[in-house]
Amino acid sequence: DTAVSQTPKYLVTQMGNDKSIKCEQNLGHDTMYWYKQDSKKFLKIMFSYNNKELIINETVPNRFSPKSPDKAHLNLHINSLELGDSAVYFCASSQVGDPEAPQYFGPGTRLTVL
Amino acid sequence: TQLLEQSPQFLSIQEGENLTVYCNSSSVFSSLQWYRQEPGEGPVLLVTVVTGGEVKKLKRLTFQFGDARKDSSLHITAAQPGDTGLYLCAGGRDSNYQLIWGAGTKLIIKP
Chain R
9 DTAVSQTPKY LVTQMGNDKS IKCEQNLGHD TMYWYKQDSK KFLKIMFSYN
59 NKELIINETV PNRFSPKSPD KAHLNLHINS LELGDSAVYF CASSQVGDPE
109 APQYFGPGTR LTVL
Chain U
48 TQLLEQSPQF LSIQEGENLT VYCNSSSVFS SLQWYRQEPG EGPVLLVTVV
98 TGGEVKKLKR LTFQFGDARK DSSLHITAAQ PGDTGLYLCA GGRDSNYQLI
148 WGAGTKLIIK P
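Chains as they are written, first to last, in our numbering: chain R, 9 to 122; chain U, 48 to 158.
Bound conformation, chain R alone (with noise of 0.2 Å):
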């Protein structure tokens, strides 16, 4: 069974476009993160869902919107894409509250803005 899963794989898509990705965890955790990865391989985290509730919002543009219906998803909304954009997306969860927790990382989202 996929513990984290992420919809779609690859996305390709002009600039100015709107796109979503989907994100789902099996595992019963209670803290769901979206990272983005660029061509240097620096993962840096966009957001973090504690219970449905947003409590990490690094500097990410407007442009980007999660939503957390329950906490088994958590989905990003990217308004206006820009070439910049362009990079792997990566959906993870944990359960917060043991230190020796682990994040469970999804297979990850290629976009690519043309």
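Hint data in this document are derived by calculation from the structure and do not stem from the laboratory. Check before you lean on any hint, since a few could be wrong.
Within a straight-line C-alpha distance of at most 25 Å, the following computed DSS-like cross-link-like pairs (lysine-lysine) qualify [stated by the list, open to error]:
hint, chain 1, residue 1, chain 2, residue 2
1, R, Lys17, R, Lys48
2, U, Lys117, U, Lys153
3, R, Lys75, R, Lys44
4, R, Lys27, R, Lys44
5, U, Lys104, U, Lys153
6, U, Lys117, R, Lys52
7, U, Lys157, R, Lys49
8, R, Lys48, U, Lys103
9, U, Lys153, R, Lys17
10, R, Lys49, R, Lys30
11, R, Lys27, R, Lys75
12, R, Lys48, U, Lys153
13, R, Lys27, R, Lys79
14, R, Lys49, U, Lys153
15, R, Lys79, R, Lys60
16, R, Lys79, R, Lys30
17, R, Lys44, R, Lys79
18, R, Lys60, R, Lys44
19, R, Lys52, U, Lys153
20, R, Lys44, R, Lys30
21, U, Lys157, U, Lys104
22, R, Lys17, R, Lys52
23, U, Lys153, R, Lys44
24, R, Lys49, R, Lys17
25, R, Lys75, R, Lys60
26, R, Lys27, R, Lys48
27, R, Lys49, U, Lys117
Partial list, derived from the structure: chain R residues whose beta carbon lies under 7 Å from chain U [to be verified]:
hint, residue
28, Lys49
29, Ile64
30, Phe98
31, Glu108
32, Pro110
33, Pro115
These numbers were taken from a predicted model, which means no experiment stands behind them. Note that beta-carbon positions come from the ideal geometry of N, C-alpha and C, so glycine has one too.
Take the given structure of chain R and dock chain U to it, following the hints.
Relative to chain R, chain U alone:
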């Protein structure tokens, strides 16, 4: 500001050699995690260390957390091609909501 510095950024060695990857910071962390990421996949946790001076072994991989909990190292003995990947360290704070990530070490083991 990069709070966790990883070195080297890139390492390419022959199968059978030993290597060490470092993760350094001026900040104290409550825990330090090491992940490995393979192409086309998300990072996967290898180990978590939480006590200063702690050493954990995972087969040929040895992880150490510095006494002051500001740095960590990953040592691989007799590296194999299957060890190839991007190794990421991540430091946890007390709240644990957010990990501070290093920039990664890209490791290639040549047969």
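- request: Output the numbers, in ascending order, of every earlier hint that fails for this structure.
  value: Violated hint: only 8; rest satisfied.
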